[in-house]
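Given next are the chains, with one letter for each unit.
There are 2 protein chains.
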Amino acid sequence: MPLIAFSCVSSIKNEVYETSNHQDFAIAIHGGAGTILKENMSDSLEQAYLNVLSQAALAGHQILKNGGSSLDAVQASINLMEDSPLFNAGKGAVFTNDGHNELDASIMDGASLNAGAIAGVKQVKNPIDLARLVMDHSEHVFMYGEGAEAFAGEQGMDLIDQSYFFTQRRYDHLIQVQQAPETSASNSPNIRGPISPNQSPFYDPILKNAKFGTVGCVALDQFGNLAAGTSTGGMTNKRFGRIGDAPVIGAGTYANNQSCAVSATGWGEYFIRGVVAHDIAAMMEYGGYTLEQAASQVIDKKIPKMGGDGGIIAMDHDGRISMKFNTPGMYRAQIDTKGKLKVGIYKSDALLTK
Amino acid sequence: MPLIAFSCVSSIKNEVYETSNHQDFAIAIHGGAGTILKENMSDSLEQAYLNVLSQAALAGHQILKNGGSSLDAVQASINLMEDSPLFNAGKGAVFTNDGHNELDASIMDGASLNAGAIAGVKQVKNPIDLARLVMDHSEHVFMYGEGAEAFAGEQGMDLIDQSYFFTQRRYDHLIQVQQAPETSASNSPNIRGPISPNQSPFYDPILKNAKFGTVGCVALDQFGNLAAGTSTGGMTNKRFGRIGDAPVIGAGTYANNQSCAVSATGWGEYFIRGVVAHDIAAMMEYGGYTLEQAASQVIDKKIPKMGGDGGIIAMDHDGRISMKFNTPGMYRAQIDTKGKLKVGIYKSDALLTK
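Chains A and B, in that order, are what the protein sequence lines are.
In the working numbering, each residue's number is its place in the first sequence (first place is 1) plus 3.
In the working numbering, each residue's number is its place in the second sequence (first place is 1) plus 3.
Where hints are given, some of them may not hold.
[Claimed, not checked] In silico SDA-like links for lysine to any residue, alpha-carbon gap of 25 angstroms or less: (1) A/K125 - B/K305; (2) A/K305 - B/Y167; (3) A/K125 - B/N100; (4) A/K125 - B/R172; (5) A/K125 - B/K125; (6) B/K305 - A/E288.
[To be verified] Derived, one-sided and incomplete: chain A residues facing chain B with beta-carbon distance under 8 angstroms: (7) E142; (8) H143; (9) L162; (10) F243; (11) G253.
Since the hints were made in silico from the structure, they are not lab data.
Because the structure is a prediction, the values reported are computed rather than measured.
The beta-carbon is built from N, C-alpha and C at its ideal position, and this holds for glycine as well.
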């Protein structure tokens, strides 16, 4: 059985929680992949990330432990990351070219294959909640912008002012990106080819890879049901009503009890073209790949071959977890079927044991 | 080798065109699936459909014959259907709840897995052309609404007035849908479960299934490259910035030289949840299914089991064609690798020979 385990890089305890008498349950989250390097990270910032990642994983795990659904667990874990300014989702969403914040999210139920997705919303505090409302209370799957907000209003969701999303760091990043020379703007939406390792025009290590700051969660509940969800602010300086992979069912999010649940974080254009989340599930269902093999095939081979980068978290119907990324780091945490919490940031935190 | 063939239902000739000395090439198109019944169709209307379908298939085939790319063929065939008021795409787009027309389209290149998609545009005469521009001239894959139109403007595309899309039939249909009782509104976006055969509140047989009027095309060129494209006006009376499957890469459109090219037309919500186009390709690539087997598995089994309906056209890397639908009819045409043109509308036009 392939199993990813990675050591805890800080003082976060590797606590073991009681497992239930029912079917195994487990949860995994990510807070974005990218050029996350230890030499660019202060101890206090590292600790802040580890704290929120731990809290988010624990929030979802508590729901699973109490017999709640994987959908509720996914939503709760993502809410915690959306409410933190550290991640590019909810409160910490990056800015568009015209100085706004446009948020995308999606959620999928592996039992029914039901799904909800929204893109381009500007006044929704927790986009994953609206994706859930779309799934549960509309006949549609995918809504955009003001239309999606009109639906939110009809459902009794409070719409908030855009000023909620203002964070100085994200705004400064927009200005940096817009003032950066075309040739070196590694975060610019005007580059599709691979980024050269020499391209590093940004001085804020946290924001350097803002296009990768998406958050996501996959979970298996005691009823054997998988779920996946993803929430993002998209790409800094995005224009043209750009939609990335996060709200695209099959690309950024997919869940199917027959195979696995997947949430992606990466260069959205490549993840859409690769139909990444569904591709991993399909390799398992039709090709007999294990979760780890399928995830590796897509993230270590297919996406880099196209010129893209990023990562995924995935969970199969037995609660096995895969966390694959081809970037230097990915904010991530998991509580496996044994109840063990593990949190990591850098590539070196990953310890593959088979 | 599974081969779909269906008889020509009218005076359209089954012309045979020269095949090239190069690799085989072929094209297939659809103009929407739905409750299309011969008893509801006048001879003149039937002839009008057959004429446009034939012209559209021939336009793309001519490009392939001259050594053009499958992408150019897909675009040319779809343009012809977009310019006809008969189909729910371009000129004949249905109306939204607030009396507008919002168009979606996508295109994908099976050689590079490059793709372009747009949704919710209101001023673009030929949405498939804008999807192609997104693919060829932007670093993004998926754009929405005014943002996508801003990109179109920057690319020198003329934006047109919404009045271009006004057709009395489509507008009357909107009024019919909006005035129909909730319980019998089979075209209402407020129904997710299967439609009862007894639900038929609309008197215009052409418009009865307006949510299925999407157009699409798949093609194989002499260089062995597959391509797929889809264009639609969406669902009559749609609200909330609803996005269907047509612009979603993996759901409504997918092309990959390793497997096949697919364009879908159906109840978009189910096709998104089923990641239909990529699912067919994945069954072939990982599961060893033939094109026909994979298409049948998805359209005859998976989608009806979920409660949805619709159809697909698909082509494998040898130019084999599958046209699967679980509705009474699907407007369709093909010119196979032998250069034989076939056109059909009703289920009875399909003759499966193995």
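For the pair we were handed, A/K305 and B/Y167, check the Cα-Cα distance against 25 angstroms.
-> Violated. A/K305 to B/Y167 sits at ~43 angstroms, over the 25 angstroms cutoff.
Hey, does the A/E142 contact hint survive, CB to chain B under 8 angstroms?
-> Where the cut-off is 8 angstroms and the nearest Cβ of chain B is about 5 angstroms from A/E142, the hint holds.
Under 8 angstroms, Cβ to Cβ, is where A/G253 needs to be relative to chain B, so tell me if that hint holds or is violated.
-> Holds - the Cβ of A/G253 comes within 8 angstroms of chain B, reaching about 4 angstroms at its closest.
Per-residue hint verdict: A/L162, partner chain B, C-beta under 8 angstroms = It is violated, given that the least Cβ distance between A/L162 and chain B is near 14 angstroms, above 8 angstroms.
Have a go at the A/F243 hint: is there a Cβ in chain B nearer than 8 angstroms to its own Cβ?
-> Holds: closest Cβ of chain B sits about 4 angstroms from A/F243, inside 8 angstroms.
25 angstroms limit on alpha-carbon distance, applied to hinted pair A/K125 and B/R172 = With Cα atoms ~36 angstroms apart, A/K125 and B/R172 exceed 25 angstroms; violated.
Once the shortest beta carbon distance from A/H143 to chain B is found, is it less than 8 angstroms?
-> holds (5 angstroms)
Does the structure keep A/K125 and B/N100 at a Cα separation of 25 angstroms or less?
-> holds (22 angstroms)
Holds or violated: are the alpha carbons of A/K125 and B/K305 at most 25 angstroms from each other?
-> violated (36 angstroms)
Hinted pair B/K305 and A/E288, Cα distance within 25 angstroms | Since the Cα atoms of B/K305 and A/E288 sit roughly 14 angstroms apart, the hinted pair holds (cutoff 25 angstroms).
Has the given pair, A/K125 with B/K125, been kept, meaning a C-alpha gap of at most 25 angstroms?
-> Answer holds: A/K125 to B/K125 is near 21 angstroms, not above 25 angstroms.
In this structure, the earlier hints numbered 1, 2, 4 and 9 are contradicted, and the remaining ones agree with it.
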